[in-house]
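**Q** The primary structure of each chain is shown beneath.
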Amino acid sequence: DGGITQSPKYLFRKEGQNVTLSCEQNLNHDAMYWYRQDPGQGLRLIYYSQIVNDFQKGDIAEGYSVSREKKESFPLTVTSAQKNPTAFYLCASSIATDQPQHFGDGTRLSIL
Amino acid sequence: EDQVTQSPEALRLQEGESSSLNCSYTVSGLRGLFWYRQDPGKGPEFLFTLYSAGEEKEKERLKATLTKKESFLHITAPKPEDSATYLCAVPRKAGTALIFGKGTTLSVSS
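Chains X and F supply the protein sequences, listed in that same order.
One gets this note's numbering by counting positions in the first sequence from 1 and adding 30 to each.
One gets this note's numbering by counting positions in the second sequence from 1 and adding 390 to each.
None of these hints come from the bench; they were simulated from the model.
These numbers come from a predicted model, not from an experiment.
You may find that some hints are simply not true.
Unchecked claim - Cβ pair distances, simulated, as ranges:
id	chain 1	residue 1	chain 2	residue 2	range
1	F	F436	X	I81	31 to 39 Å
2	X	N56	F	A400	49 to 57 Å
3	X	S140	F	F436	23 to 31 Å
4	X	T35	F	E471	22 to 30 Å
5	F	S397	X	S52	30 to 38 Å
Even for Gly, the Cβ is constructed at its ideal location relative to N, Cα and C.
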């Protein structure tokens with residue numbers, strides 16, 4: 031079945047540590063996205079990529095980094111510069127940026 | 391500024407009690423409006439796309455409608471399994487990504 035796989039489901043970060051969240055899709059979609067979801071805040075866009083080897087900052091990119099070396103993969107690194115990383119992180123993909131997005135089941139990141 | 395506002399934030403219904411959720415938007419030149427359902431601890435699940443005023447889409451007990459400035463998600467005779475957070479989203483003016491509302495959390499009790 032086609033879909034988006036996020037791993038791990040739960041992740042814990044120590045102070046000063048960088049952590050990487052994985053996102054893989056087999057839908058053959060060109061566009062991929064990372065969102066952060068906090069209670070009462072809705073979905074906030076961190077980064078998006080319209081095509082391989084290209085990505086753009088979203089609304090809250092500070093403290094995060096991404097890469098898009100393969101069409102299927104769009105990993106997100108939460109760096110130590112992100113001072114409030116505890117949140118639910120969602121990855122999505124779509125055929126184009128103005129088309130419906132399909133989501134993975136998220137990674138919940140907590141601080142130790 | 392592109393904006394999507396959903397109301398109410400939370401809605402409690404008895405099983406069988408029909409109601410509507412609202413999504414209003416300020417993006418000019420609308421290129422589609424999307425409804426999603428999100429269960430706790432899961433990613434949003436795509437429900438409907440609406441493209442033009444007057445358009446309607448239905449799925450089981452859900453019907454989505456669109457006007458020039460807002461969309462409604464009508465829930466007819468809801469069941470407890472309809473309990474979830476419902477999100478709406480529209481493409482940003484620049485077409486770079488979607489902008490999401492904060493959602494309406496629906497609770498249906500039997």
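**Q** Does each hint hold? Answer for all of them.
**A** Quick rundown of the hints versus the structure:
Range check, F:F436 to X:I81: about 22 Å between beta-carbon atoms, so the 31 to 39 Å window is missed. Between X:N56 and F:A400, the C-beta spacing of about 36 Å breaks the proposed range 49 to 57 Å. Checked against the hint of 23 to 31 Å, the C-beta distance between X:S140 and F:F436 comes to roughly 28 Å, which is consistent with it. At roughly 25 Å, the beta-carbon separation of X:T35 and F:E471 lies within the given 22 to 30 Å, and the hint holds.
The hinted window of 30 to 38 Å between F:S397 and X:S52 holds, with their beta carbons roughly 36 Å apart.
The structure is inconsistent with the numbered hints 1, 2, although it conforms to all the rest.
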